[in-house]
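Trainee: Below are the chains, spelled out letter by letter.
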Amino acid sequence: MLTNLRQNPKPTIFLVDDDEDDRFLFLDAIKHLRSEIEFREFVDGESFVKTLSSLQAPPDAIFLDLNLPKRNGIECLDYLRQQLGATLTKVFIISTSSSTFMIEKTKERGADFYIRKSENFANLKRLIQIALKQLNAPNTVEAVPYYLNQLVEE
Amino acid sequence: MIDLTNKAVATITDCDQEPIHIPGSIQPHGYLLAIEPGSGRITHGSANLTDLLGVPLSHLLGQSVFEVLPLQEQLLRPYLTLKEDVQAKTMTTHLGSRAYQLALHQSDAQVVLEIEPLADEKADAYLLGISDLLDLIKVPNSLTELCQILAEHVRKILEYDRIMIYRFDQEDYTGEVLAESLTDGLEPYLGLRYPAGDIPPQARELYIRNPLRSINDVSYIPTALYTLADTDGTARQLDLSHAYLRSVSPIHIQYLKNMGVAASLSISIIKEDKLWGLIACHHSAPRHISPKQRDSAQLLGLLLASQIELHQRADSSMIIQQVEQSLNRLMPFLQAEPLDLPGLVAVPDLLSLAGASGVAILVDGRIHTSGQTPTSPELRNLALFLAEQSGYASFSTKHLTQVYSPAEAYADVASGLIYQPLGYVTEDCVLWFRPGLEQTITWAGQPKGSARATNAHESLTPRSSFAAWKETVRNISENWHPSHLQASEHFASVFQKQLRLLYLQQETDKQRNLNEKLKAANDELENITWISMHDLKEPLRKIQILASRVLSTEAQNLTDSLLDSISRMQNSARRMQNLLEDITAYSRISSKTDAVNAVDLNQLLAEVLDEMEDEISQRKALITYGELPTLKGIAFQLKQVFVNLISNALKFGKPDEDLRIQIELEVPSAEVVQKFSIVPEDYLTISVQDNGIGFENSYTDVIFKLFQRLHNENNGQRGTGVGLAICKKVMQNHDGYIWADSEPNQGSRFQLIFPHAYVLQEVNP
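Sequences listed follow chains A and B, in order.
Each step along the first sequence adds one to the number in our numbering, with nothing skipped, and position 135 is 135.
Each step along the second sequence adds one to the number in our numbering, with nothing skipped, and position 9 is 9.
In case anyone wonders, no lab produced these hints; they're calculated from the structure.
Don't be surprised by glycine CBs; every beta carbon is placed ideally from N, CA and C.
Some clues are possibly wrong.
Some chain B residues flagged as far from chain A (calculated, every beta-carbon gap over 12 Å) [stated by the list, open to error]:
1. 22
2. 57
3. 101
4. 406
5. 534
6. 540
7. 565
8. 573
9. 666
Derived BS3-like pairs (lysine-lysine); straight-line CA-CA distance at most 30 Å [said to hold, decoys possible]:
10. A:107 x B:537
11. B:156 x B:274
12. B:705 x B:537
13. B:542 x A:31
14. B:517 x B:274
15. A:31 x B:537
16. B:542 x A:105
17. B:271 x B:292
18. B:542 x A:107
Pulled out of the complex, with its shape left as it was, chain A reads as follows (with noise of 0.2 Å):
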């Protein structure tokens, strides 16, 4: 993990959510984990597109929301996956919903991790600091499952 962190001292974070709590709560916890992040938030799918569109150098890792208004996250990650290409770039999907077919379709359209929002501060902060981990490392190096939620204890 610290290996990793060296490589990029100050990764860039994308958090795209229109609830303005659970954007609070992501930047507490994301703080008590690292400080020095550069980290950039949306309130809706349109936004973070035209930002995206506009960038020189794509983001470490972009949280995704998939209930947005104006572009759902299913379009967002659509538009992200064909804008960034094979880039390094990883996208956490964040969503209240665990249903199945959720975490299937989004896993098939090129998301890279799945998160379930917590009840728990301290489950979200874990949830966090193990996606933090897999910025810039590559996918086959530790055998994380997909949906995140499963390595933490609820």
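We have chain A already, so just place chain B on it with the hints.
Mentor: Structure of chain B alone, referenced to chain A:
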């Protein structure tokens, strides 16, 4: 010997009650005897028999008639047997040198013998010929014409001054002179109307029973009837209804005298057992007619009666044709769907079928009218009155104010009424109206009380003025023709049938609508459940995560009591989340849209136990089970049943005892068979029995209701009270039942009762 003369002074007020059939006296131009058949004993006799037979009446009474009239024994004997009643019979005989007519008829147990001297036949007497009769049948083109010709004939036969054909109104029994034949110089009565009271009901009744009456001389002094007292000293009256010689009411005599009549004869015209009219014959001097004359007149009366129907039918053929056309044109409107009442009522044929000028249809509290009718509130009251008064039978009148005085207010539009109810429950009906005609009735003398009292002490006498008296009325309509009444009835019956059909159809539509609404409501509810579950869970998650954030990151800054409160809030939020999840699960079960497959319960149970292994081993529970069948069912629902039952058993085990759960295939218990009224052979039971804390058996129904809980769980956690409700729902989805019996500390036994029809593979024996 007792004089039977009825001495009760008849007064006009009791005119209606006057016992005119038992006057106890006769007219003096003949003689009357009443005889006991068989013995021939004379029971009654008229006082003037003494003059005829030269023997005191006291000697005659009690004697045999054969001894009194020995020469007539042969003639009379056949009619005085006990064997059968005597049909009216006349014959002629001689008593001494004079010819007499003997007339016999039955009156109660006696035979009445009337003896009348035969008047000498005049050589030039007019005799009714067959050609006259043929003319009467063939010539007249209308009823009025027939009556006119007939009146002429009767006058020629009887040689009376005045012959009137008099017709009764079948509704109010006033009489009208339809035809008249009279001697020159007499004042014509043609067209005059007579009040119904002139011929009171019991007189009309008598006219039906005895179709010919005559008064030969209105100035006659009645001859009393005598009888011998019975053994108990009483005298029996003799019913003279059918006697030619019957003495008539003094009021009637006075009435005739007032009209200037000295002799009268009347012949009843009877049609369909009703008194249609009279041939009334008046003469200004006393007059005796021969039996031949009498018979001829009576024959003409019968002829008239037989021709009425024919002429009426001819008169009404136009009306009948119109009415039928109207009905035919109306039928398509009745069969139209939907039934358009405002349209129907506006069809002119609805008026013309009854020859009405206004019509109102009252259905379901709505009123549709056409033409001239009373106002809606007036119609409502009228319909209510008619329904109550008629007992939902049809009714018609030309004089509505007579039965319903509020109709005076609208007599100009609705004096004539046909009422056809539509059914027996509501005031629904069809009403046809005719206006009251401003018409002039020419009364024969002032009506309104056919007699007058000059002062209170004087006995009442009939009116003396017969001068034509004109009255203008405006609350009587034209008579309803029988065809109109029939057509209205026909229309109403078809209409009523259509309404009933329509009502049934509306009910069906209503039902269908309701079903659709119910389905829509169910769909919406399901949708709402799903949406609200999702939207409710989100804020709950926030509460929980924020609380856990405070507890994990800010704990050192907060007091213990604050931390405790936050922790309780967190617990409540978790509990609510559990509830929401369970309700979601329950409503998912309720929707019953899941795929039905073959479910091997052995395999299913193995999966359940595998998934629950941690809890089971934690509770040190021993679970045993026998072989189970394969059912047709919804796998995940059945799985939920076993999960819920086993986790219940795990929750409510006794703390100081190892928990044992036993799952077996059984037959339904007697209690279950009775409770659900099932045929035990058609069902199987899978029982889940534990040795836990159990519950009061009286709660056995309650525990399957949503949100019902009996205990807090051992670890202090509260269940949601949804688990067993889900089990019940699942069993219902499989057309089965669930039942539990238990006693506190005796464990519980749950029965899952499945229909055999759902079994795909039985358990090997």
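Trainee: Hint by hint, say whether it matches the structure.
Mentor: Checked hints:
1. Residue 22 of chain B, annotated as away from the interface, keeps every beta carbon of chain A farther than 12 Å; the closest lies near 107 Å.
2. Consistency note on residue 57 of chain B: stated as away from chain A, and its beta-carbon is indeed over 12 Å from all of that chain's, at 125 Å minimum.
3. The Cβ of residue 101 of chain B lies farther than 12 Å from every Cβ of chain A, with a closest approach of about 119 Å, so its non-interface assignment holds.
4. In this structure residue 406 of chain B is separated from chain A by more than 12 Å, as the shortest Cβ-Cβ distance comes to about 73 Å.
5. A cut-off of 12 Å between C-beta atoms contradicts the statement that residue 534 of chain B is not in contact with chain A; the least separation is 7 Å.
6. A beta-carbon of chain A is positioned within 12 Å of the beta-carbon of residue 540 of chain B; the least distance is around 8 Å.
7. Interface exclusion of residue 565 of chain B from chain A stands, the closest Cβ pair being 17 Å apart, more than 12 Å.
8. Distance check for residue 573 of chain B against chain A: the nearest CB is about 8 Å away, which does not clear 12 Å, and the non-interface claim fails.
9. Consistency note on residue 666 of chain B: stated as away from chain A, and its beta-carbon is indeed over 12 Å from all of that chain's, at 37 Å minimum.
10. For a cut-off of 30 Å, the pair hint linking residue 107 of chain A to residue 537 of chain B stands: about 25 Å separates their Cα positions.
11. Proposed proximity of residue 156 of chain B and residue 274 of chain B is supported: the alpha carbons are some 28 Å apart, at most 30 Å.
12. In summary, the hint linking residue 705 of chain B to residue 537 of chain B is supported, as the alpha carbons are separated by about 24 Å, within the 30 Å threshold.
13. As the CA atoms of residue 542 of chain B and residue 31 of chain A are separated by approximately 19 Å, the hinted pair is consistent with the 30 Å bound.
14. For the hint linking residue 517 of chain B to residue 274 of chain B, the alpha-carbon distance of about 62 Å lies beyond 30 Å, and the restraint is violated.
15. Annotation: proposed proximity of residue 31 of chain A to residue 537 of chain B holds, straight-line Cα distance about 26 Å (limit 30 Å).
16. Taken as a hint, the residue 542 of chain B and residue 105 of chain A pair is honoured in the structure, with Cα atoms around 26 Å apart against an allowance of 30 Å.
17. Between residue 271 of chain B and residue 292 of chain B the CA atoms are separated by roughly 24 Å; this keeps the pair inside 30 Å, and the hint holds.
18. Of the supplied pair hints, the one linking residue 542 of chain B and residue 107 of chain A holds, its CA atoms being roughly 26 Å apart against a limit of 30 Å.
Against the hints set out earlier in the document, violations occur for numbers 5, 6, 8 and 14.
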